[in-house]
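Those sequence lines, one after another, are chains A and B.
My numbering numbers the first residue of the first sequence as 1 and each following residue consecutively.
My numbering numbers the first residue of the second sequence as 1 and each following residue consecutively.
Since the hints were made in silico from the structure, they are not lab data.
It is possible that some hints are incorrect.
Unchecked claim - Chain B side only, calculated, beta carbon under 8 Å to chain A, not exhaustive:
#1 42
#2 190
#3 191
#4 195
#5 196
#6 246
#7 260
#8 299
#9 304
#10 311
#11 319
Claimed, not checked - Taking lysine to any residue and the SDA-like style, the derived pairs with C-alpha atoms no more than 20 Å apart in a straight line are:
#12 A:108 - A:86
#13 B:255 - A:163
#14 B:290 - A:245
#15 A:182 - B:209
#16 B:290 - A:184
#17 A:182 - B:212
#18 B:259 - A:248
#19 B:257 - A:19
#20 A:182 - B:299
#21 A:249 - B:280
#22 B:78 - B:218
#23 B:290 - A:232
#24 A:182 - B:240
#25 B:257 - A:184
#26 B:278 - A:227
#27 A:249 - B:257
#28 A:182 - B:241
#29 B:290 - A:235
#30 B:259 - A:219
#31 B:259 - A:245
#32 B:278 - B:304
#33 A:249 - B:203
#34 B:78 - B:181
#35 B:290 - A:211
#36 A:249 - B:230
#37 B:255 - B:270
#38 B:245 - A:184
#39 B:290 - A:161
#40 B:78 - A:211
Cβ coordinates follow ideal geometry from the N, Cα and C atoms, glycine included.
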Amino acid sequence: MKILVVLRMIPDSAGELELTSDGRGIDREWLDFQLNDFDDHALEEAILLKEASGATVVAVAIGEGSNRVLQMAVARGADEAIALDAQADGMIDSRAIAGSIVALARSKAADLVLCGVQSTEDLFGQLVPYAGALLGWPHVSGSSRLGIEGSALRVTQERGGGIAATYEIALPAVIGVQTASKAPRYVSGSKLREASKTTIGKARFEPAGFERSAEIVALRLPGQRGTGEHLGDNPENVAERLAGILAAKGFAGV
Amino acid sequence: MRIIACTERSFGKLEPFSLEMITAARAAGATGDEVVAFFAGQDPEPAVANLGAADRLVAASAGNSELIAAESYARLLKDVVAAEEPGLVLVPYSANGLDVAADLAARTGWPLVSYVNEVRRDGDRLTVIAQVYGGKILAECNVPLPAILMVNPGAFAEAERRTVDPSKLQHSDARAVVAEGRVRLVGVDVPNYDSVDLTTAERIVCVGRGIGDEASIDIARGLADILGAEIAGSRPVVDSGWLPKVRQVGKSGQKVKPKLYLALGVSGAPEHLEGMSKSDLIIAVNTDPKAPIFNVAHFGATCDLFDLVANLSERLQAASDR
Numbered sequence: 001m002k003i004l005v006v007l008r009m010i011p012d013s014a015g016e017l018e019l020t021s022d023g024r025g026i027d028r029e030w031l032d033f034q035l036n037d038f039d040d041h042a043l044e045e046a047i048l049l050k051e052a053s054g055a056t057v058v059a060v061a062i063g064e065g066s067n068r069v070l071q072m073a074v075a076r077g078a079d080e081a082i083a084l085d086a087q088a089d090g091m092i093d094s095r096a097i098a099g100s101i102v103a104l105a106r107s108k109a110a111d112l113v114l115c116g117v118q119s120t121e122d123l124f125g126q127l128v129p130y131a132g133a134l135l136g137w138p139h140v141s142g143s144s145r146l147g148i149e150g151s152a153l154r155v156t157q158e159r160g161g162g163i164a165a166t167y168e169i170a171l172p173a174v175i176g177v178q179t180a181s182k183a184p185r186y187v188s189g190s191k192l193r194e195a196s197k198t199t200i201g202k203a204r205f206e207p208a209g210f211e212r213s214a215e216i217v218a219l220r221l222p223g224q225r226g227t228g229e230h231l232g233d234n235p236e237n238v239a240e241r242l243a244g245i246l247a248a249k250g251f252a253g254v
Numbered sequence: 001m002r003i004i005a006c007t008e009r010s011f012g013k014l015e016p017f018s019l020e021m022i023t024a025a026r027a028a029g030a031t032g033d034e035v036v037a038f039f040a041g042q043d044p045e046p047a048v049a050n051l052g053a054a055d056r057l058v059a060a061s062a063g064n065s066e067l068i069a070a071e072s073y074a075r076l077l078k079d080v081v082a083a084e085e086p087g088l089v090l091v092p093y094s095a096n097g098l099d100v101a102a103d104l105a106a107r108t109g110w111p112l113v114s115y116v117n118e119v120r121r122d123g124d125r126l127t128v129i130a131q132v133y134g135g136k137i138l139a140e141c142n143v144p145l146p147a148i149l150m151v152n153p154g155a156f157a158e159a160e161r162r163t164v165d166p167s168k169l170q171h172s173d174a175r176a177v178v179a180e181g182r183v184r185l186v187g188v189d190v191p192n193y194d195s196v197d198l199t200t201a202e203r204i205v206c207v208g209r210g211i212g213d214e215a216s217i218d219i220a221r222g223l224a225d226i227l228g229a230e231i232a233g234s235r236p237v238v239d240s241g242w243l244p245k246v247r248q249v250g251k252s253g254q255k256v257k258p259k260l261y262l263a264l265g266v267s268g269a270p271e272h273l274e275g276m277s278k279s280d281l282i283i284a285v286n287t288d289p290k291a292p293i294f295n296v297a298h299f300g301a302t303c304d305l306f307d308l309v310a311n312l313s314e315r316l317q318a319a320s321d322r
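Looking at chain A on its own, in the form it has when it is part of the complex (with noise of 0.2 Å):
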């Protein structure tokens, strides 16, 4: 079996986003990118479906710091590294690399395709429906649970509220990840260090075929819509405070 795992490097979440001038971007120059975290979840059942079955696993990468991730995702064993040459400088727009993905499933002849569920940056839609449906295999988003049993893939699906469904899928099939099976391991230093000496092969750009999706007139910061209260940041202060609006609302003492 081959699996085609799909890494997408975005902006760090936890850092502050700035517009670029004319408001229809973020500006990008000083941002941190990191993996994508539902993708970091796809790489681990990837690798762990291959640990279960001896699956070959292909890492294509996209977006700034795509080699040191696509390196990680080898010391981590994955056994190819491809980086994919978005032609974006802006959002990686999951509706027009879905052309690239599905062009490489195909040359590279996999059997599943998997990807994490969501991006920040998949305003146009997300990555796995378009992939599936291009491809013309089933799709499954939001899984926590991947297996293969005999020649079919076992997934378990989040549906809100805990409740959780099992499908089984006949393969070639395209499944968004969730959460891995496993939490993402963490890999050493040493294997990383033998990890760098990995070739990185290259993929262009394929056009999916679609016309744009909409345009963006202007992007914002939301105001501030709550009419909560600040209490600051010292923690002394903000300690008493709290232990005065707990006791007043009746939630000090059990």
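Since the structure of chain A is provided, determine the placement of chain B on it from the hints.
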């Protein structure tokens, strides 16, 4: 123009966001537009009993299974879209909707905007406001029609519940389509809430990614014990295995409405807010002043959460010892 509003049921009940899709459709519509509710799943009775605010209901019943696979839902929707030729399709941002919206976009080539909070119609133009970067940025988009929108649950009010007039109901048997599906449902797990049920808890202390590591959860747990609160976690915390799934608050966890919700190191992604924003009293502590959790918090602080928890625990303990 015709607008299709997608609806769902879960375990015998209509998902409340189904009624929100009707309201969103009315907001996107102009005078004379027709709103058609689409339902696919087990027995459409809850849809028939509640979706009368739509002009019509097109319902496909999919047999005995409690859940319909998104693959089958998407195929049935595509057939309805081909027959009805709508100018706009609204899909809820749900587990099912995540697979349905972009699937339809790929098969029709239509534009799609996800995570939509607001819609505005101006003649032939549709403008939407959508969330990106975990709610830290809002994107205003011009959407050429026909188009598909994936709408955030909670962004629109529920339409009035009333029965669909029988003359406005078009009902079909979809079991053959479901039987052809390649995604076969083999089981549904409902979690065991014997040990803890956050939905009935009156006080919750929720830890987010800012808690840092598993060992630090004990510090928050200590405060929760003093407050008589249940400990809960956001998705990253549960995904890391630091708390069990039954203690997860948010879209894929529990939707809670306690009297007290204390959020420690929770950034407040839209998926988290969906699960707790209706709590009576929300107190949030996060070092990032732009964290979206502050948009719903009644009291917010940007201090170090460990210093705060230590100090607050001490004060509350001393007060209760007196």
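Now for the hints, and whether the structure bears them out:
1. 42: 13 Å, violated
2. 190: 6 Å, holds
3. 191: Constraint on residue 191 (chain B) satisfied, holds at 4 Å.
4. 195: At 12 Å from the nearest chain A Cβ, residue 195 (chain B) fails the 8 Å test, so the hint is violated.
5. 196: Violated: closest Cβ of chain A sits about 11 Å from residue 196 (chain B), beyond 8 Å.
6. 246: This interface hint holds because 6 Å falls under the 8 Å limit.
7. 260: 5 Å, holds
8. 299: 5 Å, holds
9. 304: 6 Å, holds
10. 311: With Cβ-Cβ at 4 Å, under 8 Å, it holds.
11. 319: 6 Å, holds
12. A:108 - A:86: 18 Å, holds
13. B:255 - A:163: 12 Å, holds
14. B:290 - A:245: Violated: residue 290 (chain B) and residue 245 (chain A) sit about 23 Å apart, past 20 Å.
15. A:182 - B:209: Distance ~17 Å between residue 182 (chain A) and residue 209 (chain B) Cα, so the pair holds.
16. B:290 - A:184: Roughly 28 Å between the alpha carbons, so the hint for residue 290 (chain B) and residue 184 (chain A) is violated.
17. A:182 - B:212: 18 Å, holds
18. B:259 - A:248: Roughly 13 Å between the alpha carbons, so the hint for residue 259 (chain B) and residue 248 (chain A) holds.
19. B:257 - A:19: 35 Å, violated
20. A:182 - B:299: The hint is violated at about 36 Å.
21. A:249 - B:280: 11 Å, holds
22. B:78 - B:218: 50 Å, violated
23. B:290 - A:232: Status holds; Cα separation ~13 Å.
24. A:182 - B:240: 8 Å, holds
25. B:257 - A:184: 32 Å, violated
26. B:278 - A:227: Measuring from Cα to Cα gives roughly 14 Å; hence the hint holds.
27. A:249 - B:257: 16 Å, holds
28. A:182 - B:241: Holds, at roughly 8 Å.
29. B:290 - A:235: 18 Å, holds
30. B:259 - A:219: Given pair residue 259 (chain B), residue 219 (chain A) is violated - Cα atoms ~35 Å apart, limit 20 Å.
31. B:259 - A:245: 13 Å, holds
32. B:278 - B:304: 26 Å, violated
33. A:249 - B:203: OK: residue 249 (chain A) and residue 203 (chain B) at ~12 Å, within 20 Å.
34. B:78 - B:181: Distance of about 14 Å is within 20 Å: holds.
35. B:290 - A:211: 35 Å, violated
36. A:249 - B:230: Between residue 249 (chain A) and residue 230 (chain B) the Cα gap is close to 18 Å, so the pair holds against 20 Å.
37. B:255 - B:270: Distance of about 13 Å is within 20 Å: holds.
38. B:245 - A:184: 17 Å, holds
39. B:290 - A:161: 28 Å, violated
40. B:78 - A:211: 19 Å, holds
Consistency note: the structure conflicts with the earlier hints numbered 1, 4, 5, 14, 16, 19, 20, 22, 25, 30, 32, 35, 39.
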